[in-house]
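Trainee: For reference, the chains in residue letters:
2 protein chains.
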Amino acid sequence: MFSKACEYGIKAAIFIATKSYEGIRVSPKEIAMEISSPQAFTAKILQALVKHDVVKSVKGAYGGFEINKGDISTIKLSQIVKAIDGDTIYSACGLGLDKCDENHPCPVHDKFKGVRDELKFMLENTNLEELALNIKSGASFLKV
Amino acid sequence: MFSKACEYGIKAAIFIATKSYEGIRVSPKEIAMEISSPQAFTAKILQALVKHDVVKSVKGAYGGFEINKGDISTIKLSQIVKAIDGDTIYSACGLGLDKCDENHPCPVHDKFKGVRDELKFMLENTNLEELALNIKSGASFLKV
DNA sequence: TATAAATAGGATAAATTTATCCGAAATAAA
DNA sequence: TTTATTTCGGATAAATTTATCCTATTTATA
Chain A
1 MFSKACEYGI
11 KAAIFIATKS
21 YEGIRVSPKE
31 IAMEISSPQA
41 FTAKILQALV
51 KHDVVKSVKG
61 AYGGFEINKG
71 DISTIKLSQI
81 VKAIDGDTIY
91 SACGLGLDKC
101 DENHPCPVHD
111 KFKGVRDELK
121 FMLENTNLEE
131 LALNIKSGAS
141 FLKV
Chain B
1 MFSKACEYGI
11 KAAIFIATKS
21 YEGIRVSPKE
31 IAMEISSPQA
41 FTAKILQALV
51 KHDVVKSVKG
61 AYGGFEINKG
71 DISTIKLSQI
81 VKAIDGDTIY
91 SACGLGLDKC
101 DENHPCPVHD
111 KFKGVRDELK
121 FMLENTNLEE
131 LALNIKSGAS
141 FLKV
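Taken in order, these protein sequences are the chains called A and B.
FYI, the numbering for the first sequence is 1 to 144, going by the UniProt record's numbering.
FYI, the numbering for the second sequence is 1 to 144, going by the UniProt record's numbering.
None of these hints come from the bench; they were simulated from the model.
Be aware that one or more of the hints could be misleading.
If several chains are the same, the list does not tell them apart, and a pair holds so long as it fits within one copy or across any two.
[Unchecked claim] Calculated pairs, DSSO-like style, for lysine-lysine (alpha carbon to alpha carbon, straight line, at most 30 Å):
{"#": "1", "residue 1": "99", "residue 2": "19"}
{"#": "2", "residue 1": "76", "residue 2": "29"}
{"#": "3", "residue 1": "143", "residue 2": "29"}
{"#": "4", "residue 1": "113", "residue 2": "76"}
Take the sequences, apply the hints, and build the full model.
Mentor: What follows is the structure, given as C-alpha cells:
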C-alpha cells in the first residue's frame with residue numbers, strides 16, 4: 001500500500017508529535033528506536049518531512065525534531081503521504097494507464113473509485129493529534 | 001497500489017478472457033501489444049497465472065493462453081492479485097507492523113479497516129466476465 | 001518421424017527502493 | 001572562540017522489482 005519510507009514517515013511524525021506535547025525534541029536515533037526503523041534511512045525521510053513543512057528541525061547542540069504544538073491537530077495524514085510517496089496512491093489509475101477517466105476508463109475504473117475516494121477522504125480527515133493521543137494513552141502502538 | 005507485475009497480470013487476464021469467448025488462444029506477444037507491456041516480463045507473469053490456475057496454457061504449435069469459457073465468470077480479481085502480489089495489500093498492517101490487530105493496533109488500524117475491507121470486498125466480488133465484456137463493448141480500455 | 005511453432009524456465013541486466021556511511025554545516029554552551 | 005552536539009546532504013551499497021535474452025521442452029502437422 002504505502003512504501004516503507006512512507007510507513008516510517010508516518011510513524012516518525014506521530015512519535016515526534018507525542019514528544020512535542022511535552023516540549024521535547026527528539027533525534028533520529030531515538031525515533032528509529034521507538035518505531036523500529038533503520039536510523040540513517042529514517043533520517044533521510046525526516047529531511048523530506050522537514051522540506052515539506054510537516055516537522056521542524058533544529059540543528060546543532062540541543063537540537064532535534066519537533067512539531068509546533070499548535071500544528072499537531074492541523075497536520076493531516078495526506079500531507080505526510082504526499083511528501084513521501086506523492087498522491088498517486090489515490091489519484092493514479094489502478095491499472096497504471098496514463099490516461100484514465102470517465103471518458104476513457106480502465107476496466108476497473110468505476111470499481112476502484114469508491115476505494116480510492118475512501119482512502120483519500122480518510123487520509124485528508126485524519127490529523128496527527130488523534131493518532132498521537134492514542135499512542136500516549138496506550139490505545140495504539142508504533143512497534144511490536 | 002498494485003505492483004507493475006500485478007497491473008500487467010490483471011490486464012492480460014482480461015484480454016485473454018475477451019479472446020477466449022471466441023475460442024481464440026493468444027500469445028504473450030499479442031497480449032503485450034494489446035496491454036502495452038514488456039513482452040518477456042508479461043510472459044513471466046503469465047506463468048504465475050498458469051501456476052495459480054487463473055489461465056490455461058497450451059504448449060507447442062497452435063498453442064497459447066486461454067481461459068475456459070465457463071470459468072470467466074467465476075474468476076475473481078482477488079485470485080489474480082493474490083497470485084502475483086499476495087494478499088498483503090488488504091490483509092497486512094497499513095504501517096508495516098508484524099503484529100497489528102484489535103488488541104495491539106497500529107495508530108491507523110481502525111482508520112484503515114474500512115478502506116482495506118472495501119478493497120477486499122471489491123476484489124472478491126469483481127469477476128473477469130464483467131471486466132471483459134466492457135472491453136469488448138468498448139466501454140473501457142486496456143491501454144491509452 | 002522431422003519440422004516448425006509455441007510455452008517454460010534459467011541466467012542476467014537495468015531500474016528503483018531501501019539502507020548505510022561519512023564529512024560538511026550549524027548551533028548552544030563552556 | 002572553542003568545543004561538543006546535532007542535522008544536512010552527497011556518495012555508495014544492498015535488496016527488490018522490473019525487464020531482457022537465450023535455450024530447453026512440448027506439441028500439432030506435414
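Trainee: Any hints from earlier that this structure breaks? Give me their numbers in increasing order, please.
Mentor: none
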